Amino acid sequence: MRDVSIIGTGITKFGELWDKSLRQLGLETGLAAISDAGITSKDIDALYIGNMAAGSTLQQEHVSALMADYCGLTNNHVPATRVEAASASGGLALRQAYMAIAGGFIDIAVVGGAEKMTDVSDSESSYTVSMGSDEQWESKAGATFASLHAMIAQSHIDEYGTTREQMSAVSEKNHHHASMNPMAQFPFKISSEAVSNSGIVSSPLRMLDCAPNSDGAAAVVLCASEKASKFTKKSIKIIGSGQASDTLSLHHRKFLNRMPAIGVAAKRAFESCGKKPNDLDVIEIHDNFTISEIIALEEIGIFKRGEAGAKILEGETKIGGKIPVNTSGGLKARGHAPGATGIAQVVEIVQQLRGDAGDRQVKNAKIGMVENHGGTAATAVVHILEAE
Amino acid sequence: MSVPRFWRELDTRYNLIGSYCKLTKTYHFPRRAFDPEAGRESMGTMEDYQFKGDGEVINSTVVHQSQTGYEMFGPYCMAIIKLDEGPRITSQIVDCDPKTVKPGMKVKAVFRRLGEDSESGILHYGTKFALKEIPVIEEEDESLSNIEL
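For the protein sequence lines, the chains are E and P, in the order given. Residues in the first sequence are numbered consecutively from 1, following our numbering. Residues in the second sequence are numbered consecutively from 1001, following our numbering.
Hints in this document: simulated from the structure, not taken from any laboratory. Take the hints with a grain of salt, since some may be wrong.
[Claimed, not checked] Per label pair, the in silico range of CB-to-CB distance:
#1 E:Asp69 <-> P:Arg1112: 47 to 53 Å
#2 P:Ala1038 <-> E:Gly301: 55 to 61 Å
#3 P:Arg1112 <-> E:Gly199: 26 to 32 Å
#4 P:Trp1007 <-> E:Gln59: 22 to 28 Å
#5 E:Ser41 <-> P:Gly1074: 25 to 31 Å
#6 P:Glu1037 <-> E:Gln59: 37 to 43 Å
#7 P:Ala1033 <-> E:Pro260: 33 to 39 Å
#8 E:Asn278 <-> P:Gly1074: 41 to 47 Å
Quantities reported herein were computed from a predicted structural model and do not represent experimental measurements. A virtual CB, placed ideally from N, CA and C, is assigned to each residue, including glycine.
Based on the sequences and whatever the hints tell you, model everything.
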């Protein structure tokens, strides 16, 4: 197996991007990433696209060929592959490219994630998101995506005494970080009280516990590490990769307040590089709801079960704290464009490890983790990155 | 939902038909081709089983932003229910004040309208759940008192 490095990144601002189409967003980030990497389109051996919902929101499938075409890669007939695993589509696309390069099949791949969620109404985009859970036996029975996470949260509250204040601290912290990220959808601070007093979506979850449904795109260029120095001096190595699945329906899980696929994916990623949770300097977590960030940190082993909420409230996951989490603003404040989210998380960690994160730079960040999951964590994918 | 997609699950939706694995003596809902714990050995040992429809609430939430097609119910109670035979199911709990539903409460299956395809499309019927005993509301829960229900 060969080492694989990330040699370039690109990202759009996340938000309601009504003036831009899916293909424009994809091209914009793809061009930014290959310019950053110093490669040309002739160097690209393969294209991977993370996209969840183009069929539902745009009536467009075959997004792989669409992107290859609009990005001018069809003259060379570059192989293009779309990867779908609900909100984990981006992270999973990255893993496919990683394995193809590590396995020696190709040398250079562009991995993009792109999504348009605001071309349709709020109720349509919300239903689209709930397709990441079991459409027949959850969504059609009346369960919204938020209501499933509401039961996850309530179960965590019942067992561990997790508080409203602790969940609000997740949103407050992520907005604080986003206030330093020009690409964030909501680049401003909000108070913990504002979160606690926002409207109820599904008890106990409130509006400001929930990530938005956004438009956005992000891309990275992956290269076999042995060839990376040909293009750039600031490459970041992917040292660990892990993936796991779980039952699609929440009700089939033994514990409602756990997301075991995240723990297993993280364990596999740690084992693949011999690192431990306390080796990490910075983490991007899939905080589609505040409770998800709390549980994911417990699953990865950063905090013991039932203790993450209190540690977040104490400020341990803020920039300047013991282990900064979601320096980009996370899904809550950077924005959540399902297929693009997993790649946007990687872009943030690469910027942190390169020392390019500006005001939100974590000092001496050498090793970072990206945790991306789909549905109620029926698919989880975790990568560990290290500065070279 | 298309007509065949709803039609082929009719007995499961109307009558709570699932599977019983004769090998592991466990129940499954909805139907499964084999028991995931036993694997391929249980292929052919699964038989149809009609659940009695009795169960208890594992966890619940009051949904204020309704699922598409459920707007007229809002706010409504969604719950994860453990059927007495073992399997769990996600369902709306009807015929009660949604905020009075608590873990451990006993429920029974009831036949209800689930929705419709469109104004001229087919109606969907299926199983929802109701509390066996309606709790007496003694005092307003303060945490919910400022919400319009």
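Right, here's what the structure says about each hint:
no., hint, in the structure
1, E:Asp69 <-> P:Arg1112: 47 to 53 Å, "48 Å, holds"
2, P:Ala1038 <-> E:Gly301: 55 to 61 Å, "31 Å, violated"
3, P:Arg1112 <-> E:Gly199: 26 to 32 Å, "28 Å, holds"
4, P:Trp1007 <-> E:Gln59: 22 to 28 Å, "25 Å, holds"
5, E:Ser41 <-> P:Gly1074: 25 to 31 Å, "51 Å, violated"
6, P:Glu1037 <-> E:Gln59: 37 to 43 Å, "41 Å, holds"
7, P:Ala1033 <-> E:Pro260: 33 to 39 Å, "24 Å, violated"
8, E:Asn278 <-> P:Gly1074: 41 to 47 Å, "45 Å, holds"
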